[in-house]
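Protein chains in written order, with the working numbering: chain A, 1 to 654; chain B, 1001 to 1325; chain C, 2001 to 2399; chain D, 3001 to 3139.
Keep in mind that the hints were calculated from the coordinates and are not lab data.
This structure is a prediction, so every number in the text was calculated from the model and none was measured.
All C-beta atoms in this analysis are idealised placements derived from N, C-alpha and C, irrespective of residue type, glycine included.
Do not take every clue at face value.
Which bits of chain B does chain C cover? Going by a derived footprint, with three or more residues having C-beta under 8 angstroms, they are [as the list claims (entries may be wrong)]:
| id | segment |
| --- | --- |
| 1 | 1036-1048 |
| 2 | 1061-1073 |
| 3 | 1213-1219 |
| 4 | 1231-1242 |
| 5 | 1246-1253 |
| 6 | 1277-1286 |
Partial list, derived from the structure: chain A residues whose beta carbon lies under 10 angstroms from chain B [unchecked claim]:
| id | residue |
| --- | --- |
| 7 | 585 |
| 8 | 586 |
| 9 | 587 |
| 10 | 588 |
| 11 | 589 |
| 12 | 593 |
| 13 | 629 |
| 14 | 630 |
| 15 | 631 |
| 16 | 632 |
| 17 | 635 |
| 18 | 640 |
| 19 | 642 |
| 20 | 644 |
| 21 | 645 |
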Amino acid sequence: MRIGVFICHCGTNIAATVDSHGLAERAAELKDVVHTEDVMYTCSEPGQAGIQRAIREKGLTRVVVAACSPQMHEVTFRRCVEDAGLNPHLFEMANIREHCSWIHDDKELATEKAYEIIKMAVAKVRTAEPLFPNEVDVNKDVLVIGGGVAGIQVALDLADAGLKVTIVERETTIGGTMARLDKTFPTIDCSACILTPRMVDAAHHENITIMAYSEVDRVQGYVGNFVVDIKRKAAMVDWNRCIGCELCVQKCPARGPDYFNAGLAETKAIYIPFPQAVPKRAAIQTDYCRWFQQGKCRVCSRVCPANAIDYDQQDTYVQRKVGAIVVATGMDVFPWEEYYPQYGGGRIPDVISGLQYERMLNASGPTGGHVHRISNHEEPKTVVFIQCVGSRDEAVGRPYCSSVCCMYTAKQAILTKSHCGDDTDVYVFYIDIRATGKGYEEFIKRAQSEFGVNYVRGRVSKLYEDNGKVMVRGMDTLLGHQVEIPADLVILATGTTSAEGAPQLAQTLNISYDEFGFFKESHPKLRPVETNTAGIFLAGACQSPKDIPTSVAQASGTASKVLGLLAKDKLKTSPEVAVVDQSRCVGCWKCIDVCPFSAPEKQELRDGTSRSHVIETVCQGCGICVATCPVNCISLKGFTTDSLIDQLEEALLG
Amino acid sequence: MSGAEIARQDRIRELARQALTEGKVDYFIGWKAGHVPSEVIPAFVRNVDECDMLLWNPLCHHNLTTFLKRKMPDPPDARIGVCVKGCDSRTLVALLQETLVDKERLYVVGVPCDGIIDRRRLEKAFSDEVIDIAFQGEQVVVTTRGGETKELAYEELLLEQCASCDFPNPRYYDDLAGELLPQPEGPPRFPGLEEYEALSAEEKDRVLADAFATCIRCFACIHVCPVCYCWDQCVNRSRRPALVGQKVAAKENLMFQMVHMFHVAGRCPSCGACDRSCPVEIPLYLLHRKMNKELFEMLGFQAGLNVEDKPVFQTFNIDDALGEQ
Amino acid sequence: MKFLARDQLPTLLADLSTAAEVWVPVKQQNGVVQFDRWAPDVDVELDVFLARQSPKENVFPQTETYLEYRYLMVCSAQRPEFTDQTREELRQLVESEGGEVVAEVPPVAQELLLVADVGGGSQGEPGLGSAAGMDDSAQIILGLRPCDARGLSQMDNVFGGYGGFYFDPYYNVRRNNTTIIAVTCRTPRSTCFCRALGGSPAGTEGVDVLMTEIEGGFAVEAVTPKGESLVERSVFEKAQPEVEESAVAAKQAAEAGVNVPFELDGVREGLKAGFDSPVWHDLAMRCISCGTCTYVCPSCYCFNINDEIVEGTGERFRCWDNCFNPMYTLETSGHNPRESKHARFRNRFSHKFWYYPDKYDSLLCSGCGRCIMYCPTHVDIREVLRTMSAETTAEKGEA
Amino acid sequence: MTDSSGNVKIIAIVCNWCSYAGADGAGTARLKQPYDFRVMRVPCTGRVDPLLALKAFEKGADGVLISGCHPGDCHYSEGNYYARRKFELLKRMLPHLGIEPERYTYTWVSASEAARWQQVVTNFVTKVGELGPRQGGAL
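The whole structure should be built from the sequences, with the hints applied where relevant.
Encoded structure:
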């Protein structure tokens, strides 16, 4: 055995607190180590070339790189040693940066710790065995979860490239948040004019199936071979018959809150969210339906010309087999009412959210595009916008910037002027203006100079009703004095939050999410649209707050990653899987009990006895069976019990 | 011996005879007298005319379920009749839960049990060899080789676990030898731990270090255990992985026992077979009974109660409320 | 013959312990009697008939380190080739480390050499596999029964190079430094069968001094020259004639208490004839295949050898093994010729009464009965031997 | 707090997907941590046999910390559910084996909880440090 150890300086990232050169000398005394060197940047081209040269010239059979986290560069170095003819699994990383140099100050102690980390890695690599991946067939169909603008973009890109795509959308129509917007910044073009043609494209595309009013219930399998159970929620309307004529909606006597219009209006118990809905199909909100609540009515059933109403409809489940999954579940509006009592907590009628105002501005919205006060339906003369409600505010647990509010507030301020006239006073309370996109800064400037919107830097401390007005009390921090504005209408630039149910979906998919419910990308810079679960990708605002241009751009990026994955006919599976030493298996079948993936199976031997056998391409390498097997005859390649014990001994006895 | 005990013994013989006559089993496992009357040993009866040597009395401590586990039946596909007490039946249930014994090849005679006497404690009361133990009502008459005779109260000689038995009746059986006994009420009891539990960490460490320094790694505790069935493949012997050091020294010996304990966790009902079999009398119950106490407090779980249950570590509950921080 | 007054026993032990480590049966906290180091505050337990284990471990420890070693990296990054200079460097290293080079493995592995730190014990002179480094201080074992002493004497053959076979340095260093003071049995148990094997509760095989309990003290006889010099001590009084008479009476009483449950003649033949007999299956039925019987046996001697190593530093040691252990006969191929329980079971008895006697001219059983007492399922060696003897008769009868 | 004396030996067994990444995050954020712990990476806490933790104690560890994904967030969906039952039993048994309860803990740290990782490690190492190296030891 000939082990080479390469110790990285990482510029000064490691070398400032760890004596990389000294470590190279010490590591040379470790058993089986025949070559050591310290390198300025091991991951650089010359650094990697140095490793390959040492493998060739010194006949190295194992390599340890002591540098950054394996999550950063394990793949890089595995490829590097493989190119030099070594099996990539005869390589091990010692993380002396994230786990040592960056968290310590004392150079002597940090160097000692780094030495032990290296010893543990050497001990681990010593028992490493060459591993070889398996190949599995790839299913080239794709599931897109969420039919907003990002999901539609991904679906269209993939479908255009020839892949079969299924869009699962939990509402009755695709379109997502963008469908609820009036205009888009910085161009002030009509949101629907951009989006609805894309929705129609998706609906008519021969490679796209839209499953609206459906949710992902269960996901099994692995990259290239997912099996997804989809729940089709009962709409109480047979969508194969419904023609979207809306007769039922017109005649329905019962009303319920209107999610699509952000609660600004009511809708009928049987409804179609908006005229351009795709698919344009009716659904009954049973909570509000008289038939379901009181057992009488059935008006819709009587008026339906297509005989589509089905009061007995049940949820159904369908299964789809796909090779990749794109999560594009978007975002929700921050529920400001719960968090901002100082703004009335929702009890002042003329204080509304940005999305409500968006619906008010919209010509097909509940007010027909007419801006008025909620309290008395009069046109407002003074309109105040308050930014960063539910963003950049640690007091409400939202430290992040929602990234779209500055821009949509400017847009809405401009639209206010055009809807209500120049004589309407418009104020915007802001902390900072973030206008980093193309044409964004110019757009803000236009709002200020061309449209005369008053930007006041400062937070609003309190909103209260007084004499028919909403009193806006705040601080103008530039002028340094209190201001109090009697407003007719106050619009809160409510921030974005992760979509409802996002953590549950993440658990179903086995992907990570952050404390706010946004899904985590595999690496913010290197793998920004991948998740840590192979074959599952992200697009749009489900990952972090995004505006439309960014969502669409990312969606196309995601589509290209999916295409890259599915361009292969076969996929290599990780060889770090469980394997049974059948000569020692006692056939207690505990492994079969505990495996979440059904990877172990009973295999009959020639002598008639049965032993456990792990199907390599099904095994995901978690090792639950390994910890469960009483005779320890299952070992997890790459993480054998012996290698763990060796590491323990190095850390404790050395 | 009480009338009930005699009735049970008669019934065991009768059921064994029946099973053998009908060809239901190839052999029947019960208890019989050893080389001295004070000794009761496992009996393997193949012929009908041997059935009369089967015994039932408070010396029948052996958990016969151990002879059902892997590699024990001879021939391997034998159809076996077996007697089980309440505690024994729980180990059988644990094996059945894992489908590691074939129900179809098994004929189980359940024996309600009033409690087994602690022969070890009894013997320590004499310097001479105890060769006869007779039961007369509530009294136990003990005779030594030298001819000394003493009468002792049955109640006071019971094994600690029997004195507070929660399951005097078998949990699983095909036929019953005798009437069922009243089922004790209340939560399960885990006797004999209080004194040890009250010790400081340092004192416990001392007790265990002393106890396990005497362990000779004979594997009696493991091989006698009905739910420890890895036989030749026991990881305690394995060099790859080398989970347990092969040196016979206190640390390694305790680790050895930890392997046993963690591997039977969720399936061990504290039948006490390991404890009774240890040739150097290491108080194994301190570990195994404690483990069961903790499992009960942790998840309300008791091993080997119902065939359809899953052993506690082969399943989970999303709502497990445990003590992680 | 000498006499030792009972109240003089502590005086004797104190006297003996000045020159040697003295081991006596002691009742442990849990009531189990085991051999333990004597010290002034330790009570010698002679009432309990047999200690739980014989003092086998005093001459044949359950775990015994042969040697410790570590790898020196002579061909590490600093010393890339194995040259004369490397060899010289190594020589110097060895000098400073106090070990011995036992292997050089260039150029195949090119990177390591093995250095033995010690031979035998934990510290001392170099010398791989020799007993040079062993602790060779004297020990005296007092209070064991004649069957235990006989067990040791039976083991002597296998370790002592009998018949030109292997001479085990470790065992013999200890054995030669050990003095055995046995005590005649007072109350033999029903499990005793020394007499069936030609022994006696007052037997002297392997014994240096035999003490027999009589009224007021012990009748003391020296059996070997080592014993002769021991009983020279002043604590021993000259025995009066009645001491001798009492001793004879005590021995006779003990003899009378030991059963002869089978005839030794015919056992070996029976085992041989019945090797393939199905009766082994019945006999082994109760066996749970643990190793208790062999580990409490005063004459079972099997062991295996292990290496445990961490980062170039290792230890080679032996541990008791037993024929019920699956690895006892496991072959590298994975095949185990004694796969089944009955085959392992058969080996134990055949070895003690057939294979060992054939090779070492000695039985390997002294009839102490511990295996009967401590077997978790009370497998009875007497029953096995009786049954197997009958096998011959049956065979002969048929013939 | 930062770099302590180095007189106790602590093993931190962490899962690859959550806690290892969380520890990475703590490093990236330069969150100072005590010196006395060594990280061992496994794919999932479900891979961790409680006997491995006992082995660490047997080999001389003064403390063992196991950390994985939060329940419900396991990369393999169920690993930490199985693991926590075993870890809890171990936690309850260790004091019974003469090992102070402060010397062992199991917890959940997600990939985004860098600060939590720092806090978990610091608290644990501080507590074990206060107890000092383990004396004697049946295990």
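Status of the hints after comparison with the structure:
1. Check on the segment 1036-1048 of chain B: 5 of its residues sit with their Cβ under 8 angstroms from a Cβ of chain C, so the three-residue criterion for coverage holds.
2. Here the segment 1061-1073 of chain B counts 5 residues with a CB under 8 angstroms from a CB of chain C, which clears the bar of 3, and the coverage holds.
3. By the rule of at least three residues with a Cβ nearer than 8 angstroms to a Cβ of chain C, the coverage given for the segment 1213-1219 of chain B holds, with 5 such residues.
4. Coverage of the segment 1231-1242 of chain B by chain C holds [criterion: at least 3 residues with CB-CB distance below 8 angstroms; count 6].
5. Counting residues of the segment 1246-1253 of chain B whose C-beta lies closer than 8 angstroms to any C-beta of chain C gives 4; at least three are required, and the coverage claim holds.
6. Only residues whose beta carbon comes within less than 8 angstroms of a beta carbon in chain C count, and the segment 1277-1286 of chain B has 5; three or more means the coverage holds.
7. Hint status for residue 585 (chain A) relative to chain B: holds, with the closest Cβ pair at about 8 angstroms, below 10 angstroms.
8. Among the interface hints, the one on residue 586 (chain A) holds; its C-beta lies about 5 angstroms from the nearest C-beta in chain B, closer than the 10 angstroms criterion.
9. Satisfaction of the interface hint for residue 587 (chain A) is found here, the shortest Cβ-Cβ separation to chain B being roughly 8 angstroms, below the 10 angstroms cut-off.
10. Because the smallest distance between the Cβ of residue 588 (chain A) and any Cβ of chain B comes to about 6 angstroms, under 10 angstroms, the interface hint for this residue holds.
11. The closest approach between the C-beta of residue 589 (chain A) and any C-beta of chain B is roughly 7 angstroms, which is under the 10 angstroms cut-off, so the hint is satisfied.
12. Nearest Cβ of chain B to the Cβ of residue 593 (chain A): about 4 angstroms, under the 10 angstroms cut. The hint holds.
13. Of the supplied interface hints, the one on residue 629 (chain A) holds, with its beta-carbon coming within about 9 angstroms of a beta-carbon of chain B, less than 10 angstroms.
14. Look at residue 630 (chain A): its Cβ gets to within about 5 angstroms of chain B, closer than 10 angstroms, so that hint holds up.
15. Checking residue 631 (chain A) against chain B: minimum C-beta separation of about 4 angstroms stays under 10 angstroms; hint holds.
16. Satisfaction of the interface hint for residue 632 (chain A) is found here, the shortest Cβ-Cβ separation to chain B being roughly 5 angstroms, below the 10 angstroms cut-off.
17. The criterion of a C-beta within 10 angstroms of any C-beta in chain B is met by residue 635 (chain A), whose closest approach is roughly 8 angstroms, and the hint holds.
18. Because the closest C-beta pair between residue 640 (chain A) and chain B is about 7 angstroms apart, less than 10 angstroms, the hint holds.
19. At a threshold of 10 angstroms, the smallest CB-CB gap from residue 642 (chain A) to chain B is about 5 angstroms, leaving the interface hint in force.
20. Given the 10 angstroms rule on beta carbons, the hint for residue 644 (chain A) holds: about 9 angstroms separates it from the nearest Cβ of chain B.
21. Because the smallest distance between the Cβ of residue 645 (chain A) and any Cβ of chain B comes to about 6 angstroms, under 10 angstroms, the interface hint for this residue holds.
Hint violations for this structure: none, all hints satisfied.
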